[in-house]
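Visitor: One letter stands for each residue in the lines below.
Protein chains: 4
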Amino acid sequence: MDKALTEKLIFYRRDFHKYPETAWTEFRTASLVAERLFRLGYTKLLLGRQIFYIPSIMGRPSKDIIDRHAKRALDQGGLREWINKMEGYPGVVAILETGRPGPVVALRFDMDAVDVSETTNSSHIPVQEGFASVNPGAMHACGHDGHTAMGLVLAEILKREESTLKGTIKLIFQPAEEGVRGAKAMADRGILDDCSYFIALHLGMSNPTGKLTAGTHGFLCTTKFDVNFIGKASHAGAAPQDGKNALLAACSAALNLHAIAPHSRGMTRINVGVLQAGEGRNVIPPKALMKVETRGETEEIAAYVYSRAKDIIEGAAIMYGTEKTLQETGSATTTQSDGEIVDIIVDAARSMGTFAEIERDAAPGGSDDATWMMKRVQERGGKATYIILGSTLKAGHHNECFDFDETVLPMGVDLLYTVLRTLSKKQ
Amino acid sequence: MDKALTEKLIFYRRDFHKYPETAWTEFRTASLVAERLFRLGYTKLLLGRQIFYIPSIMGRPSKDIIDRHAKRALDQGGLREWINKMEGYPGVVAILETGRPGPVVALRFDMDAVDVSETTNSSHIPVQEGFASVNPGAMHACGHDGHTAMGLVLAEILKREESTLKGTIKLIFQPAEEGVRGAKAMADRGILDDCSYFIALHLGMSNPTGKLTAGTHGFLCTTKFDVNFIGKASHAGAAPQDGKNALLAACSAALNLHAIAPHSRGMTRINVGVLQAGEGRNVIPPKALMKVETRGETEEIAAYVYSRAKDIIEGAAIMYGTEKTLQETGSATTTQSDGEIVDIIVDAARSMGTFAEIERDAAPGGSDDATWMMKRVQERGGKATYIILGSTLKAGHHNECFDFDETVLPMGVDLLYTVLRTLSKKQ
Amino acid sequence: MDKALTEKLIFYRRDFHKYPETAWTEFRTASLVAERLFRLGYTKLLLGRQIFYIPSIMGRPSKDIIDRHAKRALDQGGLREWINKMEGYPGVVAILETGRPGPVVALRFDMDAVDVSETTNSSHIPVQEGFASVNPGAMHACGHDGHTAMGLVLAEILKREESTLKGTIKLIFQPAEEGVRGAKAMADRGILDDCSYFIALHLGMSNPTGKLTAGTHGFLCTTKFDVNFIGKASHAGAAPQDGKNALLAACSAALNLHAIAPHSRGMTRINVGVLQAGEGRNVIPPKALMKVETRGETEEIAAYVYSRAKDIIEGAAIMYGTEKTLQETGSATTTQSDGEIVDIIVDAARSMGTFAEIERDAAPGGSDDATWMMKRVQERGGKATYIILGSTLKAGHHNECFDFDETVLPMGVDLLYTVLRTLSKKQ
Amino acid sequence: MDKALTEKLIFYRRDFHKYPETAWTEFRTASLVAERLFRLGYTKLLLGRQIFYIPSIMGRPSKDIIDRHAKRALDQGGLREWINKMEGYPGVVAILETGRPGPVVALRFDMDAVDVSETTNSSHIPVQEGFASVNPGAMHACGHDGHTAMGLVLAEILKREESTLKGTIKLIFQPAEEGVRGAKAMADRGILDDCSYFIALHLGMSNPTGKLTAGTHGFLCTTKFDVNFIGKASHAGAAPQDGKNALLAACSAALNLHAIAPHSRGMTRINVGVLQAGEGRNVIPPKALMKVETRGETEEIAAYVYSRAKDIIEGAAIMYGTEKTLQETGSATTTQSDGEIVDIIVDAARSMGTFAEIERDAAPGGSDDATWMMKRVQERGGKATYIILGSTLKAGHHNECFDFDETVLPMGVDLLYTVLRTLSKKQ
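Chains as they are written, first to last, in this note's numbering: chain R, 765 to 1191; chain U, 765 to 1191; chain F, 765 to 1191; chain E, 765 to 1191.
Isolated chain R, as found in the complex:
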């Protein structure tokens, strides 16, 4: 990649890093993405309800928070025109139609930051170089700033080389990957239904700079959900019998949730990660909130855990005479990369000569909702993969000191472009 593009890549990444936006509030990021794509000549830009199936949206914050962050986006350089077109749902899909026969190929780039306060330690490069987060409580601590930057620079190269390509390329800029909240609504909208090939990419993930993993399996199926127990307050000393104790309902649920039996056919996980209950020391607690996630190695196993969890929550509410609500806030499935596309990526990586280690397949063990997109494509006969682009990290994902090796960004763009050239010529 030439120096100018590399500098642009770094500039974009650092700009996004400085203004991190968490799930469903990526208005500045998405509006700048749209503007830059538009200026590159991408005239077919889909936004808002064109790219989201609203009932499948999960874990979106309250209107109040959305509005506040949309306003902040404007204050930080976001563009009103694009934001308005998003109808409150940040995200961009750019379509490059070459006009020549060929397959439809889609790539996913996620844009959101995480709920972490970035370190102010002077040894942290974003601090040294002045691009640390200016948004308290939010940080690009997972590398999505790099993903989005790569997507933009790839778009520039594709536009430049458009005449040499065939078929159609879709660049999907997704919000809300954290908490696995955004991809399902995009997949369910059908934007991938004509795709023959789909690629998602993540940097880092325990792989050092120079290592490439061309395909994956073993992502965990997961459901994230919030549970509210709504009981009744009463004075704990003077009328304890009049209360309906939501705190005890939640405690009983939490213990029994963690006691869900394992499954002989594969791994399970459950976590009550947050419990907040009660109002005052001397009041029978009328409210409790639990943030829960269930996981399983297959959809069957994940469904078993989730079903057991719902029984337990139902039982706990009955025990204490409370109401309860259960709201899904995110989900991901599992998939396996397809050999055909993995082969192409391995060949592309080898041809580049810049990867010290190339691996066909790995089981990362976490969850990514790109799996919903992969599954959607695969169910319709397309091929999909999930690439891990190694990048030596300063600290683990989601850590306040997280920082990745920026030298992998141009490697990633080059790889994707090389792969797209090959795929573009497929039947």
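Simulated from the structure, these hints should not be mistaken for lab results.
Some clues are possibly wrong.
Given that identical chains are not distinguished, each listed pair holds provided it fits within a single copy or across any two copies.
[Claimed, not checked] Derived DSSO-like pairs (lysine-lysine); straight-line CA-CA distance at most 30 Å:
| hint | residue 1 | residue 2 |
| --- | --- | --- |
| 1 | LYS1051 | LYS1074 |
| 2 | LYS996 | LYS827 |
| 3 | LYS1190 | LYS1158 |
| 4 | LYS1158 | LYS772 |
| 5 | LYS1074 | LYS996 |
| 6 | LYS996 | LYS1051 |
| 7 | LYS1158 | LYS975 |
| 8 | LYS996 | LYS1158 |
| 9 | LYS1051 | LYS1158 |
| 10 | LYS1074 | LYS782 |
| 11 | LYS767 | LYS975 |
| 12 | LYS835 | LYS808 |
| 13 | LYS849 | LYS975 |
Could you slot chains U, F and E onto chain R? The hints should help.
Guide: The following block gives chains U, F and E in isolation, referenced to the frame of chain R:
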């Protein structure tokens, strides 16, 4: 009381003590009671379904156990003819109709022993005198042997003095007071519905020999019940997901039952006294049994606790996908003795000169299902009381070393006879 | 009381109402109290460490919060000179030494507000009259504004009538009665050790205007405490075994705390009013906070509950390998008012003719840390009482619509002055 | 195998089947094994403390039960002389020393039955053929009757062919494999320390007749243990505060045990299979027993689960102020079969031509304490394997209808003999 009667009283008591029969198996005891009453000239003896409302019977053992104990009764001197008439429900009501106008007065004597193995210590008088229990696991450790003996000797005096009495006297020999299982079925059968006066009596209960309590309040309302959780076994290592864990359902229920909030208007109690669950170390436990009791100072409070308990058990079953059954095995209510009858008892006791201390009223704090009989009489306009006949004890009620002071037996009989003489003449 | 004083009383009350300060932050209130007393001629004013035994202070907020509120106090009319003398511990003790022989009599006035946001409903008198709270989240919803105002006007009367009085009078303006946090440190400092008589007063408390209760018993002994479980975070999916789950430790503790067995000799209460645990949905929760209170009808029973609670918390920490801290944030004991002083109050109230109903004794059922002061005085041979000054309420104590009937304020001041005249002449 | 031997094999199997003896009570079985071996000419028979390291014995019943079963063994044809030599520890090790140089090879045959009552259904072959269990509650429902029979017939063949063999052969007849209680004491006694090769064999285990698995990995490490909580009884109504509730300690422990976090490096299991607590409905339960097992895929993981379990049990005891005991009643480790010996078995099986399917390796997923013997041999440089001899089952292991296909018995004996011939000639 003359010496012959006193000796008979002691003889009866010791005979019953030697052959203790626990709740609903008092066939020997009841058949001997019937035979002795019959020989005294009591021709109106009611038995079986004449005195029990079958649907109100609680905590009756299995047919197998009933049959086995009925057979043992025969081996130990029980009388087949009377036992047959009992139709499997031991108990006797003797009616003395004087033929002269006057009120109907009823007295309750309970006959059952408790599930305790009597001490074999040589300092224990029943051991020294050779009348310790010969029935393993059963012992008259509450004094009902004395109650039944008093009832028989009182019957003899009443018969002897019949010509001086008026109205009708009913002597009720009740089974299954332990576990508060027998009285409700007798009350519900209506045998007390014509009574103007009702008296129940208990010896001991923390009062020493010479102290008399003429009335009571504050018996606790209680419900005793068994809960079964029926889940599904599976191999704990090879297929844990296939089980429905009744043990964990029971454990969760037990913890939350004990966490039922207290009540601001009076005392509550709950106890899971027994929990038995599981079949093998490596099997997900398919079955669990809990023996539970709830109590409250008033019927309202007791109902609150019982209702909460049912919710918790329901919730625990739902948590683990198990079936559940809840069977009531006993219950008692609370009542207050009536001043009119208390006055008569106090006067009678004073006139006797044998009581060192006479108390109008006390709150014993436990439960006795004679309260169902008292309540039935009171609801229909009659007067009722519960007398505590002090008797210095060797060890507390239900202890394996329990023994009472037999000298109180003739005092009790004399008191009841004196009271009956007065009541008999009431309008 | 003359009209001018009555107006001053109302003015003071409304001023305090408008600027409510919660426990340990009563800098504006206390500094104005000190200034007004000083201007009345009270030269012997004790402040800071003169009136608090620091190790006995409970539930004091962080230095940060104290500093912030002290600064706000200055902004709202608090007086720097007095605040400085308080050394961070708001509170005032004024001593009126008549110079004539006579007893030492002390009165307690509490000054703090509660953590409630005052209603903005236009039917609420403080809203109508413009003296509703201007401090968000804080409100005089318990009536301590009235108490403090009464103390100030009583001080004025006492000063005016000083020449007719004997002995010594101590006016104690206490912070942090809410949460029972402040009185013990004042009692332990010894400021009451020379007192022959002690009076605390509370308005409202279910008594209507015109009713006076001259003495109390049955305040509940209570301990308030915060428990922190400190575990270890780990990724709930990738390394669950590396975590130490503070949330589950807290849940297990909460359930078992509520299951503490009741006590046969009197009432017990326990409440886990607040539980906050965890950091993120997919993180094994490393931290949990519980706000707990235990109560008992006597010190023995309260000690039983508290001791059981400590065992359970210890056990829960061991179960999950977490550290734990337990910090007492408040406590109150129980006492009984003394007949001698109750008699004097009843006589005074009768002589005034303004009370429609005068009651010698009641059991309010809650807790007030004035009990520590009463107990301190009684242990040294003094007499103490706790008066309830009826006042018809618009809504219950601690409710956002709480408002009392101001007409009781002059009645209260008159009563206290009348009582003090009598006590002042005692030997 | 000739017909006479095959008939003997069936006869032995059915004889053992008819007189099943559960763990540590195999006196009849072991004495008949010893007698038959002795008659075959095995003069070197080790028994009692010669073959058991007593401190490593786990889960042995009480002396009372041992004595009762030893007596029953005599009644059912057991031989007093051999039983006496066993010193209460049934088991036999027969040593065949050829006198010619060669390796020491050991084989394990387990002899115990399980705690299951055999079906009386007429379709069950042991019922039809008259060899169903005559010992109530005990049944050879796992196939160890077949193992023991194979050991005896193999011994006969070996003795017959002794002159053609080299080295030393040890035939180990082990008690108490069920509950993984017996092997460790034999391994720890050192009886395998001179072995170059070790083979254990199990029939059935989901493999049909004709399938052979020559080696295994993935047996689960497990610890079986009993926990007793010893609290204090008190009357649940009259003095609940005086009790120490062992039932609630156990319930709290059970719930939290099942909530032990899984391990990212492999499978874990925990089961509280049995919980028995309490004495009477109205008594605070003073005692509770839990039967527990923990498992893990590796020793590290199993140690993690067991360590967590101990913390939880400790914490639960502290919560309720109870004493607690924890007694290990069984354990097994995990091992991997050695390729060298697996090769020999595969070759032998192929040469026989009677196995339709031959598999080198499988992960059975359960536990067998032969793993302790395998590990002991492997730690000293020897080679070991665990063979699964397919046998089509009528019902699963430990089911009351369990029955295997007897035609596999001669196949198993032939296989072992063929393998021994090869091993015998190894250096």
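Visitor: When no copy is specified for LYS996 and LYS827, does a C-alpha distance of 30 Å or less occur within a copy, between copies, both, or neither?
Guide: Only inside one copy: LYS996 and LYS827 sit 27 Å apart there, 34 Å across copies, limit 30 Å.
Visitor: State whether the alpha carbon distance between LYS996 and LYS1051 is at most 30 Å within one copy, between copies, both, or neither.
Guide: Both: 8 Å inside a chain and 26 Å across chains, each within 30 Å.
Visitor: For LYS1051 and LYS1158, with the copy left unspecified, which applies at a CA distance of at most 30 Å: within, between, both, or neither?
Guide: Between copies only: 26 Å across chains, 41 Å inside a chain, cut-off 30 Å.
Visitor: Cα distance capped at 30 Å. Does LYS835 pair with LYS808 within a copy, between copies, both, or neither?
Guide: within (26 Å within a copy, 58 Å between copies)
Visitor: 30 Å Cα cut-off: does LYS767 pair with LYS975 within a copy, between copies, both or neither?
Guide: Within one copy, since 23 Å is at most 30 Å while 65 Å is not.
Visitor: What label fits LYS996 with LYS1158 when the C-alpha limit is 30 Å: within, between, both, or neither?
Guide: between (48 Å within a copy, 22 Å between copies)
Visitor: Between LYS1190 and LYS1158, at a C-alpha cutoff of 30 Å, which is it: within one copy, between copies, both, or neither?
Guide: neither (39 Å within a copy, 56 Å between copies)
Visitor: Classify it for me, LYS849 with LYS975: is the Cα-Cα distance of at most 30 Å met within a copy, between copies, both or neither?
Guide: neither (39 Å within a copy, 67 Å between copies)
Visitor: How do LYS1074 and LYS996 come out at 30 Å by Cα distance, when the copy is not named: within, between, both, or neither?
Guide: For LYS1074 and LYS996, both the intra-copy (22 Å) and inter-copy (19 Å) Cα distances are at most 30 Å.
Visitor: Checking LYS1051 and LYS1074: alpha-carbon separation at most 30 Å within a copy, between copies, both or neither?
Guide: both (18 Å within a copy, 22 Å between copies)
Visitor: How do LYS1158 and LYS772 come out at 30 Å by Cα distance, when the copy is not named: within, between, both, or neither?
Guide: Within one copy, since 23 Å is at most 30 Å while 67 Å is not.
Visitor: Since the copies are identical, ignore which copy is meant and state whether LYS1074 and LYS782 lie within 30 Å (CA to CA) inside a copy, between copies, both or neither.
Guide: Intra 40 Å, inter 48 Å, cutoff 30 Å: neither.
Going through the hint list in order, the structure does not satisfy hints 3, 10, 13.
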